[in-house]
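There are 2 protein chains.
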Amino acid sequence: MTNSANKITNQNTVWHEPTVFREDREKLNGHKSAILWFTGLSGAGKSTLAHAVEDHLHKLDIKTFVLDGDNIRQGLCKDLGFSDADRTENIRRIGEVSKLMLDAGVVVMTAFISPFRKDRQLVRDLVKQGDFIEIYCQAPLAICEERDPKGLYKKARAGQIPEFTGISSPYEEPEQPELVIQSGDKTISDCTDEIIQFLEQSGVINVPR
Amino acid sequence: MTNSANKITNQNTVWHEPTVFREDREKLNGHKSAILWFTGLSGAGKSTLAHAVEDHLHKLDIKTFVLDGDNIRQGLCKDLGFSDADRTENIRRIGEVSKLMLDAGVVVMTAFISPFRKDRQLVRDLVKQGDFIEIYCQAPLAICEERDPKGLYKKARAGQIPEFTGISSPYEEPEQPELVIQSGDKTISDCTDEIIQFLEQSGVINVPR
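Each protein sequence line maps, in turn, to chains A and B. According to the numbering used here, the residues represented by the first sequence are 1 to 209, in order. According to the numbering used here, the residues represented by the second sequence are 1 to 209, in order.
Some clues are possibly wrong.
Note that identical chains are pooled: a pair holds if it fits in a single copy or bridges any two copies.
Said to hold, decoys possible - Straight-line alpha carbon distances no greater than 30 Å define the calculated DSS-like cross-link-like pairs of lysine-lysine that follow:
(1) 27 / 154
(2) 150 / 186
(3) 78 / 99
(4) 150 / 27
(5) 154 / 78
(6) 154 / 59
(7) 186 / 78
To be clear, the hints were calculated from the coordinates, so they are not data collected in a lab.
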């Protein structure tokens, strides 16, 4: 910190550069920040897992935040619909917010279908290698459709939802995700453990033994 | 946390509700979260003060983040220009991101001219009373223009920037800001102290003595 005793009026001492950076926040927090990008079909367990992982991490004093439909579609992206262009813009904005949260020192988790490879790649390219952890929640369509927690598959089959991922719009599987979770048949607890283990092995967090 | 041992496949145990809330994060952090919304003319010292306050707070182990032109206009809002509609959308998005940061437990500071009352009111209305702390950086136009740290007033006077706040576009002063800072003639240090004192008095932070 410099020049704080100087008047802002003195043009030679105008000073508005940041002095607190991501690394400083990570040091204060005692853990690294990261983006855990959950992707997969509706019903694959993305939100469930993101919140279970958050619950686990919070108990370890780790700063977390989950971005999902509940806090994005009613807020930041409430002006967007579900056309291809709007879906792309939706993911772009979520990516930018994730990047800000990353800089803020938070382990941010996103739970969106995010069906298109190019959109996920765009987010990956926003940040440094290692910051974007793509977690593919791989569950067979049949299981997702059987779960149908929000009744969306039923509506989609009845033609009430156009362009529904897995039914009338494609889901492009990740080619090289950091983690594949078989969320169709494992327990929440087992899936969570796999993710925590990954975060530990990749040095994001240090789990006390 | 409940049901974590259950399979996600069992529809009766589908569980994706958050278990970690703002209050839990505030407890973990040891301070409340808040939005410090700096508003004022270009050159009034918004960014300078936001970063000086952040520097001060960070040294007190407080989780902070600054949103300003540098990390918003190149990212989340890079699709927006400077028409009235785009300015409004710009502030709306910044408001929504601030709200997310607030929920994430962070003392978030925003440094944007945000010249229109209705736009600032829209952000205020997004959050609970007390969460939105409007800080009016009140500096005379003549001083801001003299400082002209980015050379923008010069360009505006030469007609190279249409609708420049204070020159060819109005700045609507806050009617009831939480704090007015005379940033035209006080030192950065004095301005910072006033803001820290306010945060202490309003219970956002506890400054150790």
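A quick look at each hint next to the structure:
In this assembly of identical chains, the alpha carbons of residue 27 and residue 154 never lie at most 30 Å apart, being 48 Å within a copy and 42 Å across copies at closest. For the identical chains of this complex, residue 150 and residue 186 are intra-copy neighbours only, at 21 Å inside a copy versus 56 Å across copies, given an alpha-carbon limit of 30 Å. In the homo-oligomer, the alpha carbons of residue 78 and residue 99 lie at most 30 Å apart both inside one protomer (20 Å) and across protomers (14 Å), since each shortest distance falls under that limit. For the identical chains of this complex, residue 150 and residue 27 are neighbours neither inside a copy (40 Å) nor across copies (33 Å), given an alpha-carbon limit of 30 Å.
Within a single copy, residue 154 and residue 78 get their C-alpha atoms as close as 24 Å, which meets the 30 Å cut-off; across copies the closest is 38 Å, which misses it. Taking CA atoms no more than 30 Å apart as the test, residue 154 paired with residue 59 passes in neither setting, with 37 Å inside one copy and 54 Å between copies. When the C-alpha separation of residue 186 and residue 78 is checked against a cutoff of 30 Å, the pair qualifies neither within a copy, at 34 Å, nor between copies, at 41 Å.
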